[in-house]
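Asker: Now for the letters of each chain:
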Amino acid sequence: MDCDRIDSILESYGYDHSAIISIMQDVQGIENYIPEEALRYISEKMELNLARIFDIATFYKAFSLEPRGRHTIKLCCGTACHLGGAAQNLDQLKRTLRIEEGGTTEDRLFSLETVNCLGTCALAPVVVVEEDYYDSVKPGSLGKILSTYSSDSED
Amino acid sequence: MERITSIADLEDLRNSIFAKRDPAMISIRLCNTGCRARKSVKVFESLEQEIREQGLERKVAVKRTGCQGFCEMGPVMVVEPENIFYCRVKPKDVAEIVAETVQAGNVVERLLWKDPDSGEPVVHERDIPYYKKQQKNISNSTGRIDPTEIEEYIAVGGYSALSKVLSTMQPAEVVDTVVASGLRGRGGGGFPTGLKWRLCAAAPGDVKYIIANGDEGDPGAFMDRSLMEGDPHSIIEGMIIGAYAIGAGQGFIYVREEYPIAIEHLSIAIRQAEECGLLGNNILGTGLNFSININKGAGAFVCGEETALMISIEGRSGTPRSRPPYPAIEGLFGKPSVLNNVESFGNITQILLNGADWYAGIGTVGSKGTKIFSLVGKVNNTGLVEVEMGTTLREIIFDIGGGIRNNRNFKAVQTGGPSGGCIPISKIDMPVDYDSLREAGAIMGSGGMIVMDETSCMVDVARYFLNFLLFESCGKCVPCREGMQQMHEILTNICEGRGEESDFDLLTELANFMTTSSLCGLGGTAGNPALSTIRYFRHEYEDHIHEKKCRAGVCKNLFTYAIDEELCNGCTLCAVKCPEEAVSGIKKEPHTIDTEKCIKCGICFSSCKQKAVVAV
Numbered sequence: 001m002d003c004d005r006i007d008s009i010l011e012s013y014g015y016d017h018s019a020i021i022s023i024m025q026d027v028q029g030i031e032n033y034i035p036e037e038a039l040r041y042i043s044e045k046m047e048l049n050l051a052r053i054f055d056i057a058t059f060y061k062a063f064s065l066e067p068r069g070r071h072t073i074k075l076c077c078g079t080a081c082h083l084g085g086a087a088q089n090l091d092q093l094k095r096t097l098r099i100e101e102g103g104t105t106e107d108r109l110f111s112l113e114t115v116n117c118l119g120t121c122a123l124a125p126v127v128v129v130e131e132d133y134y135d136s137v138k139p140g141s142l143g144k145i146l147s148t149y150s151s152d153s154e155d
Numbered sequence: 001m002e003r004i005t006s007i008a009d010l011e012d013l014r015n016s017i018f019a020k021r022d023p024a025m026i027s028i029r030l031c032n033t034g035c036r037a038r039k040s041v042k043v044f045e046s047l048e049q050e051i052r053e054q055g056l057e058r059k060v061a062v063k064r065t066g067c068q069g070f071c072e073m074g075p076v077m078v079v080e081p082e083n084i085f086y087c088r089v090k091p092k093d094v095a096e097i098v099a100e101t102v103q104a105g106n107v108v109e110r111l112l113w114k115d116p117d118s119g120e121p122v123v124h125e126r127d128i129p130y131y132k133k134q135q136k137n138i139s140n141s142t143g144r145i146d147p148t149e150i151e152e153y154i155a156v157g158g159y160s161a162l163s164k165v166l167s168t169m170q171p172a173e174v175v176d177t178v179v180a181s182g183l184r185g186r187g188g189g190g191f192p193t194g195l196k197w198r199l200c201a202a203a204p205g206d207v208k209y210i211i212a213n214g215d216e217g218d219p220g221a222f223m224d225r226s227l228m229e230g231d232p233h234s235i236i237e238g239m240i241i242g243a244y245a246i247g248a249g250q251g252f253i254y255v256r257e258e259y260p261i262a263i264e265h266l267s268i269a270i271r272q273a274e275e276c277g278l279l280g281n282n283i284l285g286t287g288l289n290f291s292i293n294i295n296k297g298a299g300a301f302v303c304g305e306e307t308a309l310m311i312s313i314e315g316r317s318g319t320p321r322s323r324p325p326y327p328a329i330e331g332l333f334g335k336p337s338v339l340n341n342v343e344s345f346g347n348i349t350q351i352l353l354n355g356a357d358w359y360a361g362i363g364t365v366g367s368k369g370t371k372i373f374s375l376v377g378k379v380n381n382t383g384l385v386e387v388e389m390g391t392t393l394r395e396i397i398f399d400i401g402g403g404i405r406n407n408r409n410f411k412a413v414q415t416g417g418p419s420g421g422c423i424p425i426s427k428i429d430m431p432v433d434y435d436s437l438r439e440a441g442a443i444m445g446s447g448g449m450i451v452m453d454e455t456s457c458m459v460d461v462a463r464y465f466l467n468f469l470l471f472e473s474c475g476k477c478v479p480c481r482e483g484m485q486q487m488h489e490i491l492t493n494i495c496e497g498r499g500e501e502s503d504f505d506l507l508t509e510l511a512n513f514m515t516t517s518s519l520c521g522l523g524g525t526a527g528n529p530a531l532s533t534i535r536y537f538r539h540e541y542e543d544h545i546h547e548k549k550c551r552a553g554v555c556k557n558l559f560t561y562a563i564d565e566e567l568c569n570g571c572t573l574c575a576v577k578c579p580e581e582a583v584s585g586i587k588k589e590p591h592t593i594d595t596e597k598c599i600k601c602g603i604c605f606s607s608c609k610q611k612a613v614v615a616v
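Residue numbers (the numbering used here), protein chains in the order written: chain A, 1 to 155; chain B, 1 to 616.
Keep in mind that the hints were calculated from the coordinates and are not lab data.
One or more of the hints may lead you astray.
[Said to hold, decoys possible] Calculated pairs, SDA-like style, for lysine to any residue (alpha carbon to alpha carbon, straight line, at most 25 Å):
(1) Lys94/A / Tyr134/A
(2) Lys94/A / Pro579/B
(3) Lys138/A / Ile404/B
(4) Lys61/A / Glu314/B
Keep in mind the model is a prediction, meaning the values are calculated, not measured.
Work out the full structure: start from the sequences and follow the hints.
Answerer: So, in structure tokens, the structure goes:
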């Protein structure tokens with residue numbers, strides 16, 4: 001946990017209690033998840049009840065209290081994607097990666113997440129790995145997409 | 001940029017922007033927001049490089065715009081002033097575009113949009129039916145200007161509604177104009193925007209807030225995203241006018257985290273407006289003080305509900321509270337607050353600029369103006385369309401949308417997201433407005449329009465929305481939390497082959513109970529997808545319940561994959577790709593599927609080029 005960076009985030013929001021969600025988003029940005037000790041640290045520094053912070057961390061889907069994999073796969077489950085076969089794509093990803101939604105592979109290479117809608121409905125069904133968008137995805141094309149990221153695991 | 005200290009200064013600036021422009025300059029508009037998902041950034045980089053290498057910097061300018069609407073054809077590009085429309089542009093096409101169109105003035109025919117019926121290419125953007133039949137008022141600048149440059153917005157008349165308001169109108173007149181325009185909220189409920197403003201303006205208190213709701217949560221809707229990304233200043237201008245009308249000193253824009261480009265473009269726009277003196281203290285030298293903060297959502301659908309959204313801005317978990325007191329009296333931080341959808345703010349500038357009468361002259365009796373819809377699903381031309389209220393579903397889906405994909409048949413169109421409903425073919429000539437949609441058992445919602453064909457299962461659609469809301473219910477009130485759980489379980493049973501005739505009554509009873517007793521709109525409308533599909537597609541439920549068949553081939557327990565011997569040419573692709581080795585056959589002979597081994601992953605179905613794999 002990088003206390004200095006957390007301190008400077010808290011500083012930039014002036015320890016304002018109403019900014020707690022933004023603060024936690026920024027803290028999550030450091031390691032792509034929020035470790036428990038970071039929650040405790042924020043609570044102490046801001047003099048804000050830990051229960052409230054934990055409530056926020058578990059209420060909002062964007063927060064993760066577990067470390068994520070190197071590449072985050074976001075499978076869009078919006079209506080257009082659902083009609084286009086998102087559920088079959090999800091099943092295929094779960095089978096291939098041997099994880100459930102929200103899970104991370106044993107080698108910490110991939111995390112699998114579902115999102116409600118990415119607003120790219122015209123390109124459905126959509127899968128996003130890191131920042132790369134893949135449109136009109138079919139169950140059969142997922143292997144190729146994943147291999148792009150598996151092969152660069154050494155760099 | 002220099003600070004603008006008076007209304008006259010703003011007009012001077014506008015004139016100086018025009019004076020600086022070279023009318024002979026060729027301008028290439030390239031979508032840099034929605035089309036990014038189709039690698040438009042790479043096209044942009046190649047274009048810049050090619051122009052540099054050819055030494056054409058003084059002859060042609062590349063403009064990175066917001067969404068141009070025709071997402072299906074992305075990345076899209078328009079060469080101005082000739083208005084030549086190129087689609088599905090790849091980096092390798094760039095050299096030819098520069099050599100042929102920019103330098104020689106010729107059209108590159110292979111990149112033009114082609115009419116699917118006649119095969120005839122169409123050169124100009126304005127002649128393509130998809131654009132021709134739209135009426136772009138609110139989304140007109142999106143796709144035409146670079147949203148990261150305030151000068152671009154000012155050049156197309158931006159902030160002139162604000163200067164008109166600040167120089168010639170009293171706050172009460174602004175409110176009256178918005179009331180008279182008949183504008184109804186574009187976020188879903190359709191409550192008259194002007195009445196919200198009037199209530200809040202009259203509420204006692206010195207501190208008031210104005211909030212733009214950019215938490216576009218309805219799956220299948222992305223018009224707010226495109227406005228925030230493509231024309232952020234129009235939202236800011238609408239908010240400043242609103243702040244003046246109700247007496248607010250602080251504004252908030254709540255944007256969902258899933259829209260990083262929207263957050264980026266809004267942040268840039270706010271910073272530029274502050275630097276120009278269009279936000280902050282003493283705006284345009286008129287004494288008006290107003291600033292705007294951006295709040296990022298954190299992945300909670302319920303925060304699109306106004307009270308939940310305000311609680312989220314306050315830094316808590318966003319669970320709705322009961323109303324009254326209404327936010328106009330007691331809202332954010334307990335102060336009178338107005339919350340409008342971002343598209344509503346986009347309408348405000350137009351109304352103030354052109355007058356309430358102009359606006360009220362567009363649309364139907366109860367629904368004024370134009371509305372942006374996101375036309376997606378099994379339709380040929382997917383993307384954003386803006387049409388006059390009262391345009392029929394047929395005009396939107398068939399004339400603009402180009403009909404159903406792959407020559408299949410229209411089954412239904414779903415509007416209004418998880419709170420909406422599915423409308424069948426019998427209502428295809430229905431005018432689209434708030435009241436007609438409600439009568440048909442759907443709602444306008446934020447404007448998502450998801451088209452379905454015979455491969456869409458209506459029971460599955462109802463289950464999908466319930467499943468969506470089940471995870472998004474905040475759990476505060478019992479009818480929503482428990483009712484949804486039960487409805488979802490019943491629908492899952494039907495989809496998995498355990499449905500019973502009595503399920504119809506149970507579903508209807510639960511849905512009606514939730515409507516009358518839930519705390520907020522999420523639970524209150526959650527039954528709509530189930531009710532509307534039972535109303536119009538009862539026979540599909542009956543097939544699932546009695547015949548144990550899903551004829552659309554969606555519900556896994558209720559169909560099997562088979563190979564049509566007539567169509568199969570024995571290419572072996574399905575056998576090679578099948579992860580379970582369930583497909584067998586000799587090369588160039590029809591194959592067969594072992595249904596015992598088949599896990600219905602759909603790989604064979606989606607990869608067969610002969611369409612020989614069928615769901616039975």
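Asker: Does each hint fit the structure? Answer for all of them.
Answerer: Results of checking the hints against the structure:
no. : hint                : verdict
1   : Lys94/A / Tyr134/A  : 18 Å, holds
2   : Lys94/A / Pro579/B  : 13 Å, holds
3   : Lys138/A / Ile404/B : 20 Å, holds
4   : Lys61/A / Glu314/B  : 18 Å, holds
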